[in-house]
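Each chain is listed here by its residues.
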Amino acid sequence: MHALYGVGIVVLSGLGLLFAAGIIIGEATDQWFLGGALIGALLITYSFIILLLRKMGMIGPRKAER
Amino acid sequence: MTAPKIVGFICDWSIDIGPLLSGNRLRDLPHVYIIRVPCSGFVRPGWLEDALNQGADGVFVTGCPYGDCLNREGNFLMRDRVDQLQRRLQRRRIDPARMAMLAHGLHDRTEFLADVQAFSDRLSEIATARTTPAPSAEPAPAPGGSS
Amino acid sequence: MSMTAAPPNRYGRLMTSLLRVTLRLDTFINKIYPTDFNPLYYTGGLSNLFLFVLVLSGIFLFFYYEASLGVAFESVRYISQDVPYGGIIRGVHRYAADGFIVGILLHLFRNWFTDRYLFSRDNPWISGMFLLLFGGFIGFTGYQLVWDERAQLLTSMFIAMLRSIPAVGEPLARVFLGGEGIGEGTLVRILFLHIVPASTLYVMLWWHYLRLRHPKIWPPGVWVLFVLGIVFLLAGVIPAISGQPATPSARPTSFPLDVFFMLPFWLLNWLSPGVVVFLSVVLFAAGLAVPYFSRRETVADMGVRHAGVAQVIDGNCTGCELCYFDCPYNAIIMVPSPGPGLSKAAANRTLLAVVLESRCVECGICIGACPFEALELPKFMERDVQAHITNAVQPTQA
Chain X
1 MHALYGVGIV
11 VLSGLGLLFA
21 AGIIIGEATD
31 QWFLGGALIG
41 ALLITYSFII
51 LLLRKMGMIG
61 PRKAER
Chain V
1 MTAPKIVGFI
11 CDWSIDIGPL
21 LSGNRLRDLP
31 HVYIIRVPCS
41 GFVRPGWLED
51 ALNQGADGVF
61 VTGCPYGDCL
71 NREGNFLMRD
81 RVDQLQRRLQ
91 RRRIDPARMA
101 MLAHGLHDRT
111 EFLADVQAFS
121 DRLSEIATAR
131 TTPAPSAEPA
141 PAPGGSS
Chain W
1 MSMTAAPPNR
11 YGRLMTSLLR
21 VTLRLDTFIN
31 KIYPTDFNPL
41 YYTGGLSNLF
51 LFVLVLSGIF
61 LFFYYEASLG
71 VAFESVRYIS
81 QDVPYGGIIR
91 GVHRYAADGF
101 IVGILLHLFR
111 NWFTDRYLFS
121 RDNPWISGMF
131 LLLFGGFIGF
141 TGYQLVWDER
151 AQLLTSMFIA
161 MLRSIPAVGE
171 PLARVFLGGE
181 GIGEGTLVRI
191 LFLHIVPAST
201 LYVMLWWHYL
211 RLRHPKIWPP
221 GVWVLFVLGI
231 VFLLAGVIPA
241 ISGQPATPSA
251 RPTSFPLDVF
261 FMLPFWLLNW
271 LSPGVVVFLS
281 VVLFAAGLAV
291 PYFSRRETVA
301 DMGVRHAGVA
311 QVIDGNCTGC
321 ELCYFDCPYN
331 AIIMVPSPGP
341 GLSKAAANRT
351 LLAVVLESRC
361 VECGICIGAC
371 PFEALELPKF
381 MERDVQAHIT
391 NAVQPTQA
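Chains as they are written, first to last, in the numbering used here: chain X, 1 to 66; chain V, 1 to 147; chain W, 1 to 398.
Honestly, the hints are just simulated from the structure, not real lab data. Nothing here was measured: the structure is a model prediction, and the numbers come from that model. Each residue gets a CB set at the ideal place from its N, CA and C atoms; glycine is no exception. Wrong hints could be hidden among the right ones.
As the list claims (entries may be wrong) - Now the in silico label distances, taken between C-beta atoms and shown as ranges:
#: 1; chain 1: X; residue 1: G60; chain 2: W; residue 2: A345; range: 32 to 42 Å
#: 2; chain 1: W; residue 1: I333; chain 2: X; residue 2: P61; range: 26 to 36 Å
#: 3; chain 1: W; residue 1: P371; chain 2: V; residue 2: R130; range: 24 to 34 Å
Unchecked claim - Straight-line distance between alpha carbons at most 35 Å, and here's what the computed DSBU-like set of lysine-lysine pairs gives:
#: 4; chain 1: W; residue 1: K31; chain 2: W; residue 2: K216
#: 5; chain 1: W; residue 1: K344; chain 2: W; residue 2: K379
#: 6; chain 1: X; residue 1: K55; chain 2: W; residue 2: K216
#: 7; chain 1: W; residue 1: K31; chain 2: X; residue 2: K55
#: 8; chain 1: W; residue 1: K379; chain 2: W; residue 2: K216
What the hints assert, rightly or not - Footprint (simulated), chain W over chain V, 3 or more residues, beta carbon under 8 Å:
#: 9; stretch: 2-12
#: 10; stretch: 18-25
#: 11; stretch: 30-44
#: 12; stretch: 48-58
#: 13; stretch: 64-76
#: 14; stretch: 102-114
Start from the sequences and build out the full structure, keeping to the hints where you can.
Okay, structure coming up:
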């Protein structure tokens, strides 16, 4: 399970890199809608990376909730 | 080996405890006595201590899932109070595993029962460890002990 | 009496089923997300986040928008197509508005079905109904500002609804339009009716938070990222577009429906404007009545959850302020002590705790906070708990 989460994080990080590259391309070619959509996709990817990190136990709840 | 005496304070908004009870005790785990309270934050740490002093082997409080307390903060406050109580009672050599804070929602009956069962098993282990003498290489342990 | 014991009447049974269904949804989400990430526990915060996005994107749009009949449509086109990322910000504004209404409705239904409006929690409920009303109205004026054919049709529908109100309807319609018909003053008024109610939302939010300590006004980080991401993604993939520009000779008869803001107008397909206005008023009044008429359980059924408002035992209170800090509803205040307490610990006190009974929801958290036994719930006191504990540690038979 742990390994699966780790794989997921790596895959999502790679996707994130792709999206970031796409944002730059969109900015360079003045395709604003592409850039904007990829900003959105990147933020969603980040949110899932944080979810997976939490499920792995690498970031934790506040002490009060353990 | 008698079952450990357990007292549980259950928030009446959290888990639907009515169907699990027979009288004041859990039908499936009759050594667990349930006291229903209006919020997990209602419980005074003094009551947990009293229960332990009067002979209970373990005591727990159950509130709503963290983030969903009907009264918004009760379960967080109770979690802090149980933490503080565990630290304070450790000075009197009371094992912190004898106090627990659980968080369950309306439909979490099986998880709740599993948690209470695990708590009960842990208490049995502690009780067994306390009464079993240490291996022969060491001198006989001093009588009496914690709590 | 368990929390979901079958109540005697059909209404109670219906509300209890809704409670069970609402909390059943949580179990599915809690399988994927840890409970402190469950978005259903933060519906208010999510709505707040959408509102924040709306305000920021709205300020951007405000810099470019021109509220004049001939120019408004063109200014919106300019934002969407000529300003860098203007189309994205316009789309973000559009989708955040939908998200805001979805968030508020989730918040409304969850807090209704899980009994979170009882006792003094009617204050957030009433202010919340007004927030919903204003939010819906702001969305409607927002769609009008685009001044395409949809906006034109919406405007005439709204005027028809206003005119159907007896006595005040006709003057209200004239105030809204700035004259007898749509004229140069109309869009300026609509812009005013978009921005000023949006600012008033923050005043009403202050009212909404009044009796709550530490209101959850921001969702967990995971959801901040997700929400921002989804509005940007939608804005890029499904750009917000205007219809045909509104002209005096155009007679539009249909438009694409935004279900979150335009339901009353959809009803005009079958009902007359007067009936729609009447139904809306009735619905709003019914909403305001919920905290007072929507009880799911009788007092007896609630048992220990309705144990009476907290009472301060004056003789024991030492003025330590722990109950004051723990009460989630700001129902306890500290006052200068009129005299010394009775117990030794209370003899030198300077402060005394006082429970504001109109704010107390009988949760008992203050009882748990007090180290000096200076607070009690009248129907479940210290001695009742002690009796239970003594009962509990009796040796059990067999």
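* To do: Find the hints from earlier in the document that the structure breaks and name them by number, from lowest to highest.
  => none
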